[in-house]
Amino acid sequence: MVYITNLSDHVDEEVTLKGWVYNYRSSKNLYFVELRDGSGICQCVVAKDAVSDDAWEAAEALRQESSVEITGKVVEDERSIGGHELQVTDLNIFQVAEDYPITPKDHGVEFLMENRHLWLRSRRQWAAMRVRNEIIYAIHTFFQERGFVQMDAPIFTGNAAEGTTNLFETEYFEEEAYLTQSGQLYGEAMAMAHGLIYTFGPTFRAEKSKTRRHLTEFWMIEPEMAFYDLDMDMDLAEDFITFIVNRVLDRCPKELDILDRDTSKLCKTAEGGFPRISYSEAVEQLRSDEMAEMLDQMVEDRKQEAEELKEEREEIKKEHGQAKKWRKAQIDQRVKEIGMRLDEIEEDLRNIPTWRESALNFEWGEDFGGSDETLLTMKYDTPILVHRFPAEIKAFYMKRDPEDEKLALAVDMLAPEGYGEIIGGSEREEDLDTLKKRIDEHDLPEDVFQWYIDLRQYGSVPHSGFGLGLERTVAWLCGLDHVRETIPFPRMMGRLTP
RNA sequence: UCCUCGGUAGCUCAGAGGCAGAGCAAGCGGCUGUUAACCGCUGGGUCGUAGGUUCGAAUCCUACCCGGGGAGCCA
0 MVYITNLSDH
10 VDEEVTLKGW
20 VYNYRSSKNL
30 YFVELRDGSG
40 ICQCVVAKDA
50 VSDDAWEAAE
60 ALRQESSVEI
70 TGKVVEDERS
80 IGGHELQVTD
90 LNIFQVAEDY
100 PITPKDHGVE
110 FLMENRHLWL
120 RSRRQWAAMR
130 VRNEIIYAIH
140 TFFQERGFVQ
150 MDAPIFTGNA
160 AEGTTNLFET
170 EYFEEEAYLT
180 QSGQLYGEAM
190 AMAHGLIYTF
200 GPTFRAEKSK
210 TRRHLTEFWM
220 IEPEMAFYDL
230 DMDMDLAEDF
240 ITFIVNRVLD
250 RCPKELDILD
260 RDTSKLCKTA
270 EGGFPRISYS
280 EAVEQLRSDE
290 MAEMLDQMVE
300 DRKQEAEELK
310 EEREEIKKEH
320 GQAKKWRKAQ
330 IDQRVKEIGM
340 RLDEIEEDLR
350 NIPTWRESAL
360 NFEWGEDFGG
370 SDETLLTMKY
380 DTPILVHRFP
390 AEIKAFYMKR
400 DPEDEKLALA
410 VDMLAPEGYG
420 EIIGGSEREE
430 DLDTLKKRID
440 EHDLPEDVFQ
450 WYIDLRQYGS
460 VPHSGFGLGL
470 ERTVAWLCGL
480 DHVRETIPFP
490 RMMGRLTP
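Note that numbering that gives the first Met the number 0 gives residue 435 to position 436 of the first sequence, counting from 1, and the numbers run on in steps of one.
By construction, these hints were calculated from the structure, which means they are not laboratory data. Keep in mind that a hint or two might mislead.
Think about it this way: if two alpha-carbon atoms lie no more than 27 angstroms apart in a straight line, the pair counts; the simulated DSSO-like pairs of lysine-lysine are [said to hold, decoys possible]:
id	residue 1	residue 2
1	335	393
2	253	209
3	302	335
4	17	104
5	253	267
6	335	309
Build the full structure now, drawing on both the sequences and the hints.
Set out below in structure tokens:
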């Protein structure tokens, strides 16, 4: 089979492509069919006098997403998508598709989500799934090349592991069971067997969160390393992200282009050298005069941008009356864009005082909110690592800082451009008695954790690990504004189909 | 759970007390290089649901349903 992505190897040859009609245009004796075969899109030109009557009739019958087999000569053509086009000699229909619901025009989120099974065929969704695939490949490559063993943690668990978040409950042969919220504890057991391991699997959270960063079912990658301390953990997390970003920049230029991703910021990340700041330093930054000034400047910038947009809107609206039809459509489109941006600015202007308040009045000991995270990352182009959090807001298994008992040896990696926390990790408590004490302090049942406690009983060693959220990583690298576009069939509050 | 915005043709939206509208899609016709093609014609409606106010409600009021964005929580 010849695929569109390989057409450059077949210039001037006659080939047969099999695929679906992405879009088509016609004039009296000429048909332009944009054919989609999964690997790319190619314009196929059907000239009436170059094909049989049957083939011409078939071309006339084509509708969006009809499945076809098209034969023709490959020619280079700069005007065409992908740089090549097919001069058609024959065309056979598998099936004519009637009334395909997703047209090349605008659609709303609700409609597209209802038609997710078809939306996946659209170019941007296609590109996002390709990037997701490349990220997954990069993750396995990174760990496999470093001697890590991939393991699968169980999905059914008998206990609410960390006792904090809402888990999905289910029944397991008359017993109560939960869907896993993390494979980490099991990863620790495997790390004591193999030294270096990573899990790659689904994770479930029953939080009633309706935001652009939340899914109820998402995929997490959790490496766990025996004999690693927090610094080694952070080094690995940084190398890991740097590796993934380099792979995506290297191997997905076409996809990033389709997604209109501004790659200049990703290039900075690809060089590594992520800033590392302690939680206490982060709190100081939030409360600083500098932060207040930055926020005031943001308000000014937004206001000025709004003024400029309104002026532009007035200008083009004046032109609308005597404009030609195509220009009118262009103006309408731009007016719509301006309106959407103005809504965003308006929302920002409403929110910034709240962000300002949250940041400037931040008390040591609280956890960061979404806006605090965004503000902390704002002056950097790369992700940042925030470490040594108040132990009280972190999980029971995290080791305390020997230099300050109030602190846990935890680390969060915050992605730039407002994408928030993509990694959470820590050095684990390895002392038997201390771990028992923590379980007790958190009011967790010791019996269900007995196997976990055993890991400290038999050859306990210092060890660390972290968890990466796959969908947030995909969203960040693709520049998508919602995680629902980063997974084929997203599961979120109020969405169980398709 | 709370705050906020929305639901009008298959889709995207306008209409904000007085005749239900546009663009795209669909159907028909035209056009030899289009590329969200273009031009002409045609068909297309439970204005989210239920009540209320009014001579008259898509428009005002109340309740409910569904969706978007955000808070809390988190990756």
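Checked hints:
1. Proposed proximity of residue 335 and residue 393 is contradicted: the alpha carbons are some 45 angstroms apart, above 27 angstroms.
2. For the suggested pair residue 253 and residue 209, the alpha carbons sit about 31 angstroms apart, so the restraint of at most 27 angstroms is broken.
3. In summary, the hint linking residue 302 to residue 335 is supported, as the alpha carbons are separated by about 19 angstroms, within the 27 angstroms threshold.
4. A threshold of 27 angstroms between alpha carbons decides the hint, and for residue 17 with residue 104 the separation of about 25 angstroms falls inside it, so the pair holds.
5. Pair hint residue 253 plus residue 267 holds up; C-alpha atoms about 19 angstroms apart against a cutoff of 27 angstroms.
6. Of the supplied pair hints, the one linking residue 335 and residue 309 holds, its CA atoms being roughly 12 angstroms apart against a limit of 27 angstroms.
Checked against the numbered hints listed earlier, the structure breaks hints 1 and 2; every other hint is satisfied.
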